[in-house]
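Peer 1: Next come the chains, spelled out residue by residue.
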Amino acid sequence: MAGSAWQRGRVASWLVTTDHKRIGILYIGTALVFFVLAGLMALAVRLQLAQANADVLSPDRYNELVTIHGTAMVFLVVVPLLAGFGNYLVPLMIGARDVAFPRLNALSYWLFAFGGTVLMLSFFADGGAARNGWTAYPPLSVQQAGDGQDLWILSLHILSASTLAGAINFLVTIHNLRTRGMTWMRLPLFVWSIELYAWLLMAILPVLSAGLTLLLLDRGLSIGGWEVQTHFFDPAEGGAPLLYQHAFWFFGHPEVYVIVLPAFGIISEVLPVFARKPVFGYKAIAFSTVAIGFFSMLVWAHHLFTVGLPTYLQAYFMVASMVIAVPTGMKIFNWLATLWRGNVSFDSAMLYALGFLSVFVMGGLSGIYLAAFPIDWQVHDTYFVVAHFHYTLFGGVMFAIFAGLHYWWPKMFGRLLDERLGKLAFWLLFAGFNLTFFPQHLAGLEGMPRRIYTYANEGWEGYNLVSTVGSWVMGAALLVFLVNVWKTARSGRRVGHDPWRANTLEWYTTSPPPPHNFDEVPYVTSARPLDDLRRKLRERDGARALS
Amino acid sequence: MRALLVLAGLVSLLAAAAAPAALGQLAPVTPESPNAESIRDSYLFVSIFVVAIFVLVEGLLIAFVVRYRRRQRGRFEDGAEIHGSTRLELLWTAGPVIVLFLIATFVFVELPGIVDEPAAGPRGALEIRVTGRQYYWQYEYPNGVIAIDRLRAPAGVPVRLEVTAPDADVIHSWWIPALGGKIDAIPGRVNRTWFQADRPGVYRGQCAELCGAEHARMLAEVEVLPASEFDAWLGSRRAEQSAGTSPLGEELWTGVCAKCHGLAGEGGIAPRLAGSLTLADPRAVETIVRNGRRTMPAVGAGWTSEQVEALNAYLEENPPGGR
Chain A
1 MAGSAWQRGR VASWLVTTDH KRIGILYIGT ALVFFVLAGL MALAVRLQLA QANADVLSPD
61 RYNELVTIHG TAMVFLVVVP LLAGFGNYLV PLMIGARDVA FPRLNALSYW LFAFGGTVLM
121 LSFFADGGAA RNGWTAYPPL SVQQAGDGQD LWILSLHILS ASTLAGAINF LVTIHNLRTR
181 GMTWMRLPLF VWSIELYAWL LMAILPVLSA GLTLLLLDRG LSIGGWEVQT HFFDPAEGGA
241 PLLYQHAFWF FGHPEVYVIV LPAFGIISEV LPVFARKPVF GYKAIAFSTV AIGFFSMLVW
301 AHHLFTVGLP TYLQAYFMVA SMVIAVPTGM KIFNWLATLW RGNVSFDSAM LYALGFLSVF
361 VMGGLSGIYL AAFPIDWQVH DTYFVVAHFH YTLFGGVMFA IFAGLHYWWP KMFGRLLDER
421 LGKLAFWLLF AGFNLTFFPQ HLAGLEGMPR RIYTYANEGW EGYNLVSTVG SWVMGAALLV
481 FLVNVWKTAR SGRRVGHDPW RANTLEWYTT SPPPPHNFDE VPYVTSARPL DDLRRKLRER
541 DGARALS
Chain B
548 MRALLVLAGL VSLLAAAAAP AALGQLAPVT PESPNAESIR DSYLFVSIFV VAIFVLVEGL
608 LIAFVVRYRR RQRGRFEDGA EIHGSTRLEL LWTAGPVIVL FLIATFVFVE LPGIVDEPAA
668 GPRGALEIRV TGRQYYWQYE YPNGVIAIDR LRAPAGVPVR LEVTAPDADV IHSWWIPALG
728 GKIDAIPGRV NRTWFQADRP GVYRGQCAEL CGAEHARMLA EVEVLPASEF DAWLGSRRAE
788 QSAGTSPLGE ELWTGVCAKC HGLAGEGGIA PRLAGSLTLA DPRAVETIVR NGRRTMPAVG
848 AGWTSEQVEA LNAYLEENPP GGR
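Residue numbers (my numbering), protein chains in the order written: chain A, 1 to 547; chain B, 548 to 870.
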């Protein structure tokens, strides 16, 4: 390793690293810290809602926690966790030594850590943290006094810069650094999903940045006695609050797929390995990823069905939203077919992947109600929507992330996570998750709006109490996971290159891999290079036995 | 395998047939207006497919997991070497397309019943302006009657709502679940919706768009009265409002002031008002409600003088916290 002596220190080497694997682990570790923080915020929110007319949190404090919980889970947890997997895995999976721009990659990580810190510390700002929801609609977000909302905007600007640089890095890496024989149709499905993740981010992040900048200017800036005060969203001066909503959701809806596509990618890697079969319909899954990415940019206004859009526009956005269900359904059926006639074993990684399938379906199906705009007029902005997006984002994405953590942990650290603790955490999480979020569908149908700090309707109390108890079960599951991580670090079972007999190139090298990843990379002849190698070895041994 | 698929198909069809009955509980609240009813019908129609697909997918998942689990086979023994099937891909592309086509068609068939108000009878439709404000609803009737939070409406008559919010306020969302979908109250825009309730009664809802600290207390009620009773109420309220004897002052105190300052002025997220000398000064009260103060929004900007006088009269009669 190059660099002076201090750069090789145990801590310093992590601070100055440009190794994609270390940056990937930094991303995942930092995002897990934010996950714990944002999870604690959710527990506080659930505590306040456990009973009608409760008095645990003040209205402003409640709104701050809801806002930062949502913002952090999207921007500081799920996206960076997936960016972490992408960082760690993409170069290994395509047989490269690193990403195309390692130093830019380090910059991405440090911007993320910095932006996240700004958001978390904004609780201590003058006037408290932002409290206008993770969507920050004006005029409400323009009117909040103090610095919280400005810091929220600053944090998102920093995070956008980080993510954009990361996206460019992924694209250049995937397009240019694939090893010999790795054609597009032999690319691991996880890498396909990162490809689309990166393209989508490039297309939508600038729109978010524009919207947030207008918001910042509307709030008023004063730099060295130079005052700026615009009125983009102020109707009294000819502005329009809806302009922001369009900008936000032009970003916000594809963002959902930015998050969910890599989660799909993880599932497409894990299922075949534990079903001992090739993934069913490789091309269908790859092309459906592209289709979802494309259509996701044409549906944003289904978040605006109640703002009074003309009916023909709502009709268009309904049909477009439904179109996305088709490639998504294709994926689900292909994953199911991957299990068919397999030899299925149930390690924790596989349990999470199967758990993903079973709960994600639910989130997809509740989405059909939301796409049908007259039905959305009833359920929009209620707990039905809260349940829907937690089924997709927690039940879907976080389950996939846990599948990925258990699956790739031995590659990253050379040790297997403990199976008994892993299974315990899974079943607790699965039960706690459904307990928390299923009743929220019912509360929403009965008229409970989201983002209310209290309610007087005692008919909603039962649902909310169950939901709160469920949130504690989820908390317990995450504690078990953290204990597992700690225990594994001390005494986890060591493994060799390829404990799962997997398919993709990251398993060809040592666990953990050396800084340069590979001494040599085999010529890739299919989407399952390691399976090809094993078959070749078997044939050679068979030929030897015969002769 | 084929038998398994047929079985899964049959089970999901059965579940779908049972869905509307079972989902009676899992649907939006009992509708009291034709638009809410058509929305609920659409919901139940979608549920047929949702339940069928749910049972199909979860059923296959469980069946495959049970049937193809490892048992005595070796940990790394390979399953069948199957890479895909074009026929199956076409099947599960075409299937969802057909289902979604049916759903979209049903929605378009129901749409006129949701969007278009029914033909008005001889007495025509009633038009009310609904203004969402931090944190109360203000209703203005054609004859100038103003009411807060509780909207009174005649039974059996189409009620047309013009929903908006003042320029200096924030976005709110009008929603009474039994009377139809929600529509946002957006500064600078006027949105329209309607309902027609045939059964007298009180239907409750609340603001559905985060609008600030007391968003959770921005409740709305619609009291549907028999038409003749409504006419009588509207007429006498008009006269009372001119005479300064209407309950408007009390409505303003409970709907506008008390949500933050407490019903007895004991204070809440806003300062204690009980015993405050300012409340005894009508001009000071007017200045504060019209312009706001520090973090207090200008809750009374744009109020008519009748409104301000009604509030002051009420405060004089009933000083918060007693005399």
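To be clear, the hints were calculated from the coordinates, so they are not data collected in a lab. Please read all numbers here as calculations on a predicted model, not as lab measurements. We treat Cβ as the ideally placed atom computed from N, Cα and C, and that holds for glycine. Worth double-checking, as some hints may not be accurate.
Residues of chain A placed beyond 10 Å of chain B at every Cβ, according to the derived structure [as the list claims (entries may be wrong)]:
(1) Asp98
(2) Ser222
(3) Ala315
(4) Gly492
(5) Arg501
(6) Pro512
Pairwise CB distance ranges (calculated) [unchecked claim]:
(7) Ser789/B / Gly224/A: 21 to 29 Å
(8) Gly459/A / Arg746/B: 18 to 26 Å
(9) Gly671/B / Gly220/A: 13 to 21 Å
(10) Glu237/A / Gly671/B: 52 to 60 Å
(11) Leu573/B / Ala431/A: 51 to 59 Å
Peer 1: Taking the hints in turn, state whether each one holds.
Peer 2: Evaluation of the provided hints:
No beta-carbon of chain B comes within 10 Å of the beta-carbon of Asp98/A; the shortest separation is about 31 Å. No beta-carbon of chain B is positioned within 10 Å of the beta-carbon of Ser222/A; the least distance is around 20 Å. At the 10 Å boundary, the C-beta of Ala315/A falls inside the reach of chain B, the nearest C-beta of that chain being 7 Å off. Listed as a non-interface residue, Gly492/A keeps its Cβ farther than 10 Å from every Cβ of chain B; the least gap is roughly 19 Å.
With a minimum CB-CB distance of about 5 Å to chain B, Arg501/A fails to clear the 10 Å threshold, and the non-interface call is violated. For Pro512/A, the condition that its CB be more than 10 Å from all CB atoms of chain B holds, with the nearest at approximately 22 Å. Our hint of 21 to 29 Å for Ser789/B and Gly224/A is violated, since their Cβ atoms are close to 56 Å apart. Remark: the range hint 18 to 26 Å for Gly459/A to Arg746/B is upheld by a beta-carbon distance near 20 Å.
Range check, Gly671/B to Gly220/A: about 48 Å between beta-carbon atoms, so the 13 to 21 Å window is missed. Under the hint 52 to 60 Å, the C-beta atoms of Glu237/A and Gly671/B, about 38 Å apart, miss the expected range. Between Leu573/B and Ala431/A the beta carbons are some 21 Å apart, a value that contradicts the proposed interval 51 to 59 Å.
The structure shown violates the earlier hints numbered 3, 5, 7, 9, 10, 11.
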